[in-house]
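All chains, please: the whole structure from these sequences, using the hints.
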Amino acid sequence: MANILIVEDDKDLNNAYSIILSSQDHTVESAFDGQEALDKLKNFKPDLILLDLLMPIMGGLEFLQHFDLKVHPDVKVLIFTNMENSPEVAESYKLGAHRCIIKSWTAPHNLSRVINEALENSSTPATA
Amino acid sequence: MAIDPQSAILQAEEQRAQAEALFNSIGEGAIATDEFGRITRINPIALDILGYKESELIGEWFPKKIVAINEDDVTVNLIDRPITKAFLTGRSVTDKIFYRKHDGQRFPVMLTVSPILLADRPIGAIEVFRDITLEEEIDRMKSEFISLASHQLRTPLSAIKTYSHMLVDGYMGDVTPAQKKSLRTIIGATNRMNELISTLLNITRIESGTIVINSRMLRVERAAEEVIKELSLAASEKNINLSMTVQGKLATSVKTDNLILKEIISNLVSNAIKYTTEGGAVDISVRGRVKDVLITVTDNGWGIPKESHDQVFSKFFRAQNTVKRETTGTGLGLYLVKGLLERLRGTIWFESEEGKGTKFFFTLPKEQRQRSN
Chain A
13 MANILIVEDD KDLNNAYSII LSSQDHTVES AFDGQEALDK LKNFKPDLIL LDLLMPIMGG
73 LEFLQHFDLK VHPDVKVLIF TNMENSPEVA ESYKLGAHRC IIKSWTAPHN LSRVINEALE
133 NSSTPATA
Chain B
9 MAIDPQSAIL QAEEQRAQAE ALFNSIGEGA IATDEFGRIT RINPIALDIL GYKESELIGE
69 WFPKKIVAIN EDDVTVNLID RPITKAFLTG RSVTDKIFYR KHDGQRFPVM LTVSPILLAD
129 RPIGAIEVFR DITLEEEIDR MKSEFISLAS HQLRTPLSAI KTYSHMLVDG YMGDVTPAQK
189 KSLRTIIGAT NRMNELISTL LNITRIESGT IVINSRMLRV ERAAEEVIKE LSLAASEKNI
249 NLSMTVQGKL ATSVKTDNLI LKEIISNLVS NAIKYTTEGG AVDISVRGRV KDVLITVTDN
309 GWGIPKESHD QVFSKFFRAQ NTVKRETTGT GLGLYLVKGL LERLRGTIWF ESEEGKGTKF
369 FFTLPKEQRQ RSN
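Just so you know, the sequences run in chain order A and B.
When the letters of the first sequence are read in order and numbered with the numbering used here, they come out as residues 13 to 140.
When the letters of the second sequence are read in order and numbered with the numbering used here, they come out as residues 9 to 381.
It should be emphasised that the hints constitute simulated quantities derived from the structure, not laboratory data.
Don't take every hint at face value.
Said to hold, decoys possible - Chain A is faced by these chain B residues, among others (derived, beta-carbon under 8 Å):
1) 154
2) 155
3) 159
4) 162
5) 163
6) 166
7) 167
8) 169
9) 170
10) 173
11) 174
12) 202
13) 220
14) 222
Cβ atoms here follow ideal geometry from the backbone N, Cα and C, with glycine treated the same way.
Structural data, given as structure tokens:
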């Protein structure tokens, strides 16, 4: 199974995704802002990053500017946000995000499906 | 009676001075032209807004001297200028465009230009305009506020929904059927709250022109399938058969925004489920055509009364036969759908008969001309 880094400032949600993905035999690490994620990446090599956009200290877009996906083409980034149809989502695509998932719409089984599709599929990006 | 030439001149002078004072007193920018579009008068507010002296404008050709620009910063063609349209149609034209000041600065204006008609022949035009920079800024701030408030409201909802699903799916151990039923009620309520927030957010963005389109090539039936998965629970609760068919042999791929497309289909299918009696049927059909893809959402529900057909896409519209039976609903769904489709360059229409059902049709063009982000 895959290495997944969850970057989400809401502790309840971060914990929930961690339980769900760990139960599917993924190896999961959690970070609560972009800076903490960059620190974790020094020792953890993820196949996929589940990335919130609006976070304290360092948001998702700033994280993507530091963690250049052109340098890490094997890492899939799924944007996990509640800011649908927003300029921030458009910007995240420009920075190489694979898909965007709206948190409040997405049930755990759908999240798992999207993650598995992203891990299996290296085709062109699409919105969820 | 003989007219004293001296007093006739004085009277004419007085009338001219009165007209001048009247024109100069208009509370917004005002520019008058002759029948060729040459500036004959300009009031002090217009001079102030545009940053010109009167002597720099009088006698100049209005469309050339006052440059109009569209949202993409491209100069508006002469044929598309409101003053040209007013001359050609003989009617007042109201529009929002951008003008360039004397110093080159671009700013938004709301204007109305009217032809001055004498015996049905245009002898000139008068344009009244105002700088709407501040109004646009307030609109942008309002939109930002609603966007942020929506995000903040959704964060706790996401946790409620995720943990409720986790309980139902057994992540925290076994739950009884009665507990599962209660949890599904909680999930249903969070979904409704989400829909409300989403609707309000999207309407605000459409009305303020700040909605962002992220276009990608996609197959329409894939979006429809995802909507069916999301709404299958609501359909099964009313024992409604929810189906999807792909018709014809032409491609069903379009370059469009997946989230917005799903929002459109979801609104139409939710309505169909809501306004169909238990045991009914709702079908989504997708048909690729030469220039577009046609999507049809069909139900055999209550239908829309004929007298309400004209108002279906109006804001806050709810048909009388639905208000009596179904108390929930904002009357914003179809208004939103129409607004979203306009942004995707699509069209929508419907056929409905009370007591028999409704068919909503919409198209998405295969050639998209909108700007994508």
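Going down the list of hints, with the structure as the test:
Residue-level restraint check for residue 154/B is violated (minimum Cβ-Cβ distance to chain A is 12 Å; threshold 8 Å). For residue 155/B, the interface hint holds, the least distance from its beta-carbon to any beta-carbon of chain A being 7 Å, beneath 8 Å. Interface hint status for residue 159/B: upheld, as the beta-carbon distance to the closest one in chain A is roughly 5 Å, under 8 Å. With 8 Å as the threshold, the beta carbon of residue 162/B comes within range of chain A, its nearest partner Cβ sitting at about 4 Å, so the hint holds.
This hint holds: residue 163/B has a C-beta 6 Å from the nearest C-beta of chain A, less than the 8 Å allowed. Here the hint on residue 166/B is kept, as its CB sits about 4 Å from the closest CB of chain A, short of 8 Å. Here the hint on residue 167/B is kept, as its CB sits about 4 Å from the closest CB of chain A, short of 8 Å. With a least beta-carbon distance of about 6 Å to chain A, the hint placing residue 169/B at the interface is held under the 8 Å criterion.
A least Cβ separation of about 5 Å between residue 170/B and chain A falls short of the 8 Å threshold, and the interface hint therefore holds. Residue-level restraint check for residue 173/B holds (minimum Cβ-Cβ distance to chain A is 5 Å; threshold 8 Å). Because the beta carbon of residue 174/B sits about 6 Å from the nearest beta carbon in chain A, less than 8 Å, this interface hint is met. At a threshold of 8 Å, the smallest CB-CB gap from residue 202/B to chain A is about 5 Å, leaving the interface hint in force.
Here the hint on residue 220/B is kept, as its CB sits about 5 Å from the closest CB of chain A, short of 8 Å. Interface restraint check for residue 222/B: the shortest CB-CB distance to chain A comes to about 6 Å, inside 8 Å, so the restraint holds.
Taken one by one, the earlier hints fail for this structure only at number 1.
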